[in-house]
Amino acid sequence: MESDCLTPEWASQPCLIGIDEAGRGPVLGPMVYGCMYCPISYQSSLASLHFADSKTLKEEKREELYENLKLDKSLGWAVDVIDPRELSAKMLAKNKTNLNGISHNSAMGLIKRVLDMGVLLTEAYLDTVGDPEKYRIKLSERFPSIKFVVSKKADSLFPIVSGASIVAKVTRDRALREWLVEETGEDINRNFGSGYPGDPETKVWLVQHKHSVFGFPSLVRFSWGTCTTLLKGEVEVAWEADETEESGNGSSNKRQAKLSSFGFKTCDKRSEEIESSGKGRCKFFQARKIQQLTQF
Amino acid sequence: MGTIDLRAATDENSIADLSSQVHQLPCCIRFDGPADVSHFFKPQSSDVEIDGVRTEEAHFRGRKLQGATISLPSGYSGFVLGQASNLNANGKRKASMPAEENQCWEVKAKFDNLTYWNHDSLPSKDDTFLRSFHWFSIAEALHKPVKVEDLVAVSHCGKDKI
Amino acid sequence: MLELRLVQGSLLKKVLESIKDLVNDANFDCSSTGFSLQAMDSSHVALVSLLLRSEGFEHYRCDRNLSMGMNLGNMSKMLKCAGNDDIITIKADDGGDTVTFMFESPTQDKIADFEMKLMDIDSEHLGIPDAEYHSIVRMPSNEFSRICKDLSSIGDTVVISVTKEGVKFSTAGDIGTANIVLRQNTTVDKPEDAIVIEMKEPVSLSFALRYMNSFTKATPLSDTVTISLSSELPVVVEYKVAEMGYIRYYLAPKIEEEEDTNP
Chain Y
1 MESDCLTPEW ASQPCLIGID EAGRGPVLGP MVYGCMYCPI SYQSSLASLH
51 FADSKTLKEE KREELYENLK LDKSLGWAVD VIDPRELSAK MLAKNKTNLN
101 GISHNSAMGL IKRVLDMGVL LTEAYLDTVG DPEKYRIKLS ERFPSIKFVV
151 SKKADSLFPI VSGASIVAKV TRDRALREWL VEETGEDINR NFGSGYPGDP
201 ETKVWLVQHK HSVFGFPSLV RFSWGTCTTL LKGEVEVAWE ADETEESGNG
251 SSNKRQAKLS SFGFKTCDKR SEEIESSGKG RCKFFQARKI QQLTQF
Chain V
1001 MGTIDLRAAT DENSIADLSS QVHQLPCCIR FDGPADVSHF FKPQSSDVEI
1051 DGVRTEEAHF RGRKLQGATI SLPSGYSGFV LGQASNLNAN GKRKASMPAE
1101 ENQCWEVKAK FDNLTYWNHD SLPSKDDTFL RSFHWFSIAE ALHKPVKVED
1151 LVAVSHCGKD KI
Chain R
2001 MLELRLVQGS LLKKVLESIK DLVNDANFDC SSTGFSLQAM DSSHVALVSL
2051 LLRSEGFEHY RCDRNLSMGM NLGNMSKMLK CAGNDDIITI KADDGGDTVT
2101 FMFESPTQDK IADFEMKLMD IDSEHLGIPD AEYHSIVRMP SNEFSRICKD
2151 LSSIGDTVVI SVTKEGVKFS TAGDIGTANI VLRQNTTVDK PEDAIVIEMK
2201 EPVSLSFALR YMNSFTKATP LSDTVTISLS SELPVVVEYK VAEMGYIRYY
2251 LAPKIEEEED TNP
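Protein chains in written order, with the working numbering: chain Y, 1 to 296; chain V, 1001 to 1162; chain R, 2001 to 2263.
Chain Y with its partners taken away, still in its complex shape (with noise of 0.2 Å):
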């Protein structure tokens, strides 16, 4: 976590904040979570500033515009840089958070972050992730004295939130620029492209840095589908986390909910029966899964 620490002057006006994503789609490299923030007196200045969301402006004009808002006195920004491992471990993780669960808790830390610093925060921007009534509630719930707006395309909305993606967007540059390749040995060349599935480029660094054993680079993110269309075909590794899961199908983001999750009660011996290969022994066998072998 990456920012401007010191606790301003201002803090102690009522502030806004806006918060923006970057690198939420592409399958390798971080995901980043950046935010600005500034007294609200001085938001009819944001204008002046000439900020644009992130994706209509060319690399050279988000970088002058990122140097120069770190020299805005009357700024603050703050940026959560999400680590591929990090994203591909909680999405496969044996309790699975999704990547809106993910983006929600970035962002919710964030803002705590800077209310820790003393900022006084009483309005909130956002771009919205998954329904933006349901994560207006959440964000109201936890943060009770701010006032949150979330909207579609928020970063072209309000100057703060388009700060927010800049801020965000330039971190995710530079991170994957300057992204140390942890693997070793392989030609591991640097040309991922955009890192969005679709780009050509991607896709021809993915299936070059493919590997039947290990599937890819830590810098890949093992938990989006691309990955596991590609993965067909290589070494099949089994989890006992997945044991029970269906296999996705491409044409629908939607996961399968169990009856557990709405009340019904279920019970779980048969999956136990399953795990224990001390199956039929004393239960000080079964219990640590010692099993008699003859034949190897």
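The set of hints was computed from the structure by calculation and includes no laboratory data. Don't be surprised by glycine CBs; every beta carbon is placed ideally from N, CA and C. Be aware that a few hints might be false.
With the Cβ distance kept under 10 Å, some of the chain Y side facing chain V (calculated, not the full set) [stated by the list, open to error]:
hint	residue
1	95
2	123
3	211
Think about it this way: if two alpha-carbon atoms lie no more than 30 Å apart in a straight line, the pair counts; the simulated BS3-like pairs of lysine-lysine are [to be verified]:
hint	chain 1	residue 1	chain 2	residue 2
4	R	2013	Y	265
5	Y	55	Y	112
6	Y	289	V	1108
7	V	1125	Y	289
8	V	1042	Y	210
9	Y	94	V	1125
10	R	2190	Y	258
11	Y	112	V	1064
12	R	2240	R	2190
13	Y	283	V	1042
14	R	2200	Y	134
15	V	1064	Y	210
16	R	2149	Y	138
17	Y	254	R	2020
18	Y	94	Y	265
19	V	1110	Y	61
20	R	2013	Y	152
21	R	2168	Y	254
22	Y	134	Y	258
23	R	2077	R	2020
24	Y	232	R	2149
25	Y	134	R	2164
26	Y	289	V	1144
27	Y	283	V	1125
28	Y	265	R	2200
29	Y	258	R	2020
30	Y	138	V	1064
31	R	2240	R	2217
32	V	1144	Y	203
33	Y	254	R	2200
34	Y	254	V	1064
35	Y	265	R	2164
Not the full set, but computed from the structure, chain R residues with beta-carbon under 8 Å of chain Y [claimed, not checked]:
hint	residue
36	2044
37	2045
38	2049
39	2234
40	2253
With chain Y fixed as given, assemble chains V and R onto it according to the hints.
Using the frame of chain Y, we list chains V and R on its own:
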């Protein structure tokens, strides 16, 4: 019937020592053969210590693994067994040996510690893998020859109760 | 002692055909009120609840509550040996480890006894939470079956939406999309052909067609099917069993999990 040839284990120099290189993963990898483990699998020591053991972290296929390196109990060794070549001098399989029933194994490498990994949970004494070590002390008690003194001690105990 | 005599034996055959694809083993519970079953499929996504009330049997004797674990595949094999017009009697002794199915031909000239071993199945009674449904759709069962079958050739998930306009079934797959809209229609000759939509609130939910198709195996049991929906709750698909009970299927919805693939 199969046999295991442990002769190589007694000779320090003839086999590889794989200590600190053996990993037990919490998944089933349907592959048998060499892989670039050291290029891809990079365990890192974490700050968490549990029951006096420093835990480690690694990632495999996008999953977060948490593990611990443990020494095998004294008196026990780990061996990597490989199939002994059932070939005679002419390079032909001996006719009298049906492949499945008469497998001969020999020691290819040994290790005296290993790292076991959990998916999304910190290693602890309650992990079945560590608990399976309980068997060692039970096996020892079961197989230890009974001495006269032990019998005397037991019979004394009995008298005390009466 | 348990003795249940069902004149319309074909009903039991049909009941079994409509649950055996969903559940492998299940406990049949007999009490003085009726013969029932509740079981979840192995992935805990769907639940089937069957009730045949005692009044529907010609003769119903159940001295004490009895739970009989059966392999439904085996039970189906045995019931297939009964003729469609046969009278079926289910018999079991308290504490016994077998159940007997007796098939009598209508003319009483053939009597067959099939004895099946019971199984020990661990299962607590499954709790089904009470719920109020936002929308309830009643429609001809063969129409529903047809829709599920047609949509599953295009996609694997059906979105069922109820609005003021009617009920819409839609799917999307690699080859394209499909939408089927049914409007309320009560001006029909036969009441079972009516489409009745009671909507308190509009709803829209997604379900796996694979399960829906397995529910429609119950179509021969009833001319109509009732689909009850509430947002963020499992759907209930209910078929009435000829004046004596019902078979209800509960299916957990598919819930949103976004993964952006576009910039």
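Here is what the structure says about each hint:
Checking residue 95/Y against chain V by beta carbon gives a least distance of about 8 Å; that is within 10 Å, so the hint holds. Look at residue 123/Y: its Cβ only gets to about 37 Å from chain V, farther than 10 Å, so that hint breaks. Because the beta carbon of residue 211/Y sits about 7 Å from the nearest beta carbon in chain V, less than 10 Å, this interface hint is met. With a C-alpha separation of about 29 Å, the suggested pair residue 2013/R and residue 265/Y falls inside the 30 Å cut-off, and the hint holds.
About 27 Å separates the Cα atoms of residue 55/Y and residue 112/Y, which keeps this hinted pair within 30 Å; it holds. Restraint check for residue 289/Y and residue 1108/V: satisfied, since their Cα atoms lie roughly 26 Å apart, inside the 30 Å limit. Between residue 1125/V and residue 289/Y the CA atoms are separated by roughly 15 Å; this keeps the pair inside 30 Å, and the hint holds. Proposed proximity of residue 1042/V and residue 210/Y is supported: the alpha carbons are some 17 Å apart, at most 30 Å.
The straight-line distance between the Cα atoms of residue 94/Y and residue 1125/V is roughly 20 Å, inside the 30 Å bound, and the hint therefore holds. Restraint check: the Cα-Cα separation between residue 2190/R and residue 258/Y comes to about 38 Å, which exceeds 30 Å; the hinted pair is violated. With a C-alpha separation of about 26 Å, the suggested pairing of residue 112/Y with residue 1064/V holds against the 30 Å cut-off. A distance of roughly 17 Å separates the Cα atoms of residue 2240/R and residue 2190/R; the hinted pair therefore holds under the 30 Å criterion.
The straight-line distance between the Cα atoms of residue 283/Y and residue 1042/V is roughly 37 Å, outside the 30 Å bound, and the hint therefore fails. Restraint check for residue 2200/R and residue 134/Y: the C-alpha separation of about 21 Å stays at or below 30 Å, so the hint holds. Taking the CA atoms of residue 1064/V and residue 210/Y, the gap is about 19 Å. The hint holds against a cut of 30 Å. About 39 Å separates the Cα atoms of residue 2149/R and residue 138/Y, which puts this hinted pair outside 30 Å; it is violated.
Distance restraint check for residue 254/Y and residue 2020/R: the Cα-Cα separation of roughly 27 Å lies within the 30 Å cut-off, and the hinted pair is therefore satisfied. A hinted pair counts as satisfied when its Cα atoms are at most 30 Å apart, and residue 94/Y with residue 265/Y qualifies at roughly 21 Å. A distance of roughly 60 Å separates the Cα atoms of residue 1110/V and residue 61/Y; the hinted pair therefore is violated under the 30 Å criterion. Proximity of residue 2013/R to residue 152/Y is assessed by CA-CA distance (about 55 Å); at most 30 Å being required, the pair is judged violated.
Taken as a hint, the residue 2168/R and residue 254/Y pair is honoured in the structure, with Cα atoms around 19 Å apart against an allowance of 30 Å. Distance restraint check for residue 134/Y and residue 258/Y: the Cα-Cα separation of roughly 22 Å lies within the 30 Å cut-off, and the hinted pair is therefore satisfied. For the hint linking residue 2077/R to residue 2020/R, the alpha-carbon distance of about 11 Å falls within 30 Å, and the restraint holds. A C-alpha spacing of about 29 Å is found between residue 232/Y and residue 2149/R, which places the hinted pair at or below 30 Å, so the restraint holds.
Of the supplied pair hints, the one linking residue 134/Y and residue 2164/R holds, its CA atoms being roughly 24 Å apart against a limit of 30 Å. Simply put, residue 289/Y and residue 1144/V have alpha-carbon atoms about 24 Å apart, close enough for the 30 Å limit, and the pair holds. With a C-alpha separation of about 18 Å, the suggested pairing of residue 283/Y with residue 1125/V holds against the 30 Å cut-off. For the hint pairing residue 265/Y with residue 2200/R, the CA-to-CA distance comes to about 28 Å; that is within 30 Å, so the pair holds.
For the hint pairing residue 258/Y with residue 2020/R, the CA-to-CA distance comes to about 20 Å; that is within 30 Å, so the pair holds. Straight-line distance between C-alpha atoms of residue 138/Y and residue 1064/V comes to about 28 Å, which keeps the hinted pair within the 30 Å bound. At roughly 13 Å between alpha-carbon atoms, residue 2240/R and residue 2217/R fall within 30 Å of each other, so this suggested pair holds. Restraint check for residue 1144/V and residue 203/Y: the C-alpha separation of about 63 Å exceeds 30 Å, so the hint is violated.
The hinted pair formed by residue 254/Y and residue 2200/R meets the criterion: a straight-line CA distance of about 26 Å does not exceed 30 Å. In summary, the hint linking residue 254/Y to residue 1064/V is supported, as the alpha carbons are separated by about 24 Å, within the 30 Å threshold. Proposed proximity of residue 265/Y and residue 2164/R is contradicted: the alpha carbons are some 34 Å apart, above 30 Å. Given hint, residue 2044/R at the interface with chain Y, holds; its Cβ is 5 Å from that chain's nearest Cβ, closer than 8 Å.
Against a cut-off of 8 Å between C-beta atoms, the interface hint on residue 2045/R holds, since the closest Cβ of chain Y lies about 6 Å away. Because the smallest distance between the Cβ of residue 2049/R and any Cβ of chain Y comes to about 11 Å, over 8 Å, the interface hint for this residue is violated. This hint holds: residue 2234/R has a C-beta 5 Å from the nearest C-beta of chain Y, less than the 8 Å allowed. The beta carbon of residue 2253/R comes within 6 Å of a beta carbon in chain Y, closer than 8 Å, and the hint placing it at the interface holds.
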